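Protein chains in written order, with numbering that gives the first Met the number 0: chain A, 0 to 222; chain B, 0 to 300; chain C, 0 to 129.
Worth flagging that the hints you see were computed from the coordinates, not collected in a lab. Please read all numbers here as calculations on a predicted model, not as lab measurements. By construction, the Cβ of each residue, glycine as well, lies at the ideal position given by its N, Cα and C atoms. Just to be clear, a hint being listed does not mean it is correct.
So the derived label-pair ranges between C-beta atoms look like this [unchecked claim]:
no., chain 1, residue 1, chain 2, residue 2, range
1, B, R135, A, V179, 44 to 50 Å
2, B, F17, A, V179, 53 to 59 Å
3, B, A296, A, I222, 31 to 37 Å
4, A, G199, B, A126, 48 to 54 Å
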Amino acid sequence: MKSSVFWALVRKDLYVLRGFMLVGTVVGLAALFSMRFGRAGFAIGGILFLTANVASGIFIAMYSLLTERKDHSRLFALSLPISGFKHDLAKLVSGYLSFGIPWTVLTVAGLASFLTPEAAPERGMIIYGLVLQMFVMALFSFVLLWLSIVSSETWAGLMILIANIGFSLFMVTFNQPEIVRPLRTPEINWTPFTVGMFGGELVVIALSVGLAILALSRRRDHI
Amino acid sequence: MTHDPSQAFSLRGVSKAFRYFRLEDLNLELPLGQIMGLVGPNGAGKSTTIRLLMGLIAPEAGTIEVLGHHVPDEVAAAKAGIAFVSDDMRLFGGATLAWHMRFVASIYPEWDESYARMLLKHFNLRAEQGMRGMSRGEQIKALLLLALARRPRLLILDEPTSGLDPVARHELLSELMQIVRDDSRSILFSSHNTQDVERISDQIAFIDRGRLVDARDKESFLERWRRISLDVPAGVTLPRFKDTVDLTLGERLATLTTDRYEPALHGLLEASGARVTDVQRMSLEEIFVASVMRSRAEVQS
Amino acid sequence: MHSPFVISQNDPRPLYQQVKDQLRHRVAIGVLKPGDEIPSIRQLAADIRVSVITIKRAYLELEMEGVIQTRQGRGSFVSDNAQLGDTMKEQELEGHLRSAVQTALLMNLSEDELIERLREVRRKDPQGRS
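The shape of chain A in the complex, shown without the other chains (with noise of 0.2 Å):
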């Protein structure tokens, strides 16, 4: 009874958010397509790419999490035979799942990219896709750790430049020609700073889902 219930609830928030994940996967997918032409269209390409990622997983994070606070309806879910803790936990679960679907769909599309005959020359830039997209799910990981914890709005906000700040000082150390052009290669290649960027993002997100449960697992009140 009890796995039901919160498989139930981890359903319903994948139902709320379905317009979401989709938009945020065509999204993503369209600027992927729109890569392929000419330099314009990769860096349009390139920006909306990012955004979907991003955008789409901030909203998702913030959505599911604050909006059932703000429409009371957190108390109707606590009233269901699930303990404060299951519950709280469906909701990490659902954020990650509706999050990672369209992360995996996007990661996947992207990598497979750098596989293509066209991208050959290029290919070692696969490894910088990898760290990208891994960057965004530690990010992610990150804004799902602090939502677990704190339960205003206004942490939330700055939870949110936090994450931006965090965003573009990532791409700008990324984008620097030292760390880029190693990777222009046909063969693909780990760099010193691509092992350890790859590295500590595996990092932040194991301890984020450790340590969000943890957080959760201790919560005595919950309302």
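Following the hints, put chains B and C in place on chain A, whose structure we already have.
Using the frame of chain A, we list chains B and C on its own:
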């Protein structure tokens, strides 16, 4: 840890502190098959008590048991038998009432579809309507429908009639009273509507400023409290009774409010020279106000 | 019992008293006959939307007064006493007469004045309908 499945719920020595409010050493219980009305001013602790029963907040001291399960340890098992509706509760905004009915039916095996359809008519609701398009009153009725159609063993209502029109209130009371046909099903409801509480409750509890002021069965409340009108001639002093809740003295007339009325009181009063001109029963509302006033005076002294 | 009870919170009598009075009245006028089954406590509570504890009290007192009998597991019935209807009528009349005496006292009417008033009422309204 004793599980007593013969009780709908019990709170023993429960305390909970917030920044500006504390619930102190609360002891309250309800046998199965009975209705308890919880009465108290705003901010008294009714909602806090209910949230403690639902395991939504954890007590700092004391034990809580609901339907034989320890809360919050076994809160999920307890909630399988509880339906909870609060006046500040809302359903999921992006869905329809029909969606919610399917959702609730999939979670609780006791869902009664034909009863739900009947309630739709009685509450004048349309299943296809979206939550966002519903007025406050309609949302509350929708929540009540979802709670009632589950045929819960314990129904907990926090201010269920605030926001309901008189017709809906009448329907709700009828449905609540249908529940008592089953002597294993119980109801706890908090309400400002003391008339309704007076009519349908078996047990009544008064809460004020985080303390349980008084709790007993309704008939006891109504039998113990009286307002006695006295004619007090000059030179007569009324004897002091410890069961006097209030004594108002005018020029010649006095009104004595007591919570331990018995006919022998007449003899005692008249022995002092006063004459009893009238003995009035008190409404639950009057009893409540008098109780709270006394409780507050006691706390201050 | 097909005729519905009328219970009002605006009535000065307490709820349990109203339930008792209405049951007694039904017996007095013969709607309920000795041995007839009456609704269970919970059933009546649900029908007239009054708390179970109140119905319990009414039934308990009626049982002590010999008006009804409750058999464990079988339900509640009007007492098997053939004279019950008459007894009820007696008690109703007694009750009315006492109220009349009490009110007359408050109005400072003498016994003769009270009797005259009773005759007047019978003259004007032989059926006692209004």
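Status of the hints after comparison with the structure:
1. Taken as a hint, the range 44 to 50 Å is violated for the pair R135(B) and V179(A), whose Cβ atoms sit roughly 57 Å apart.
2. For F17(B) and V179(A), the hinted distance range of 53 to 59 Å is satisfied, since their beta carbons lie about 55 Å from each other.
3. Taken as a hint, the range 31 to 37 Å holds for the pair A296(B) and I222(A), whose Cβ atoms sit roughly 33 Å apart.
4. Remark: the range hint 48 to 54 Å for G199(A) to A126(B) is upheld by a beta-carbon distance near 52 Å.
In summary, the structure is inconsistent with hint 1 from the numbered list given earlier, while agreeing with all the others.
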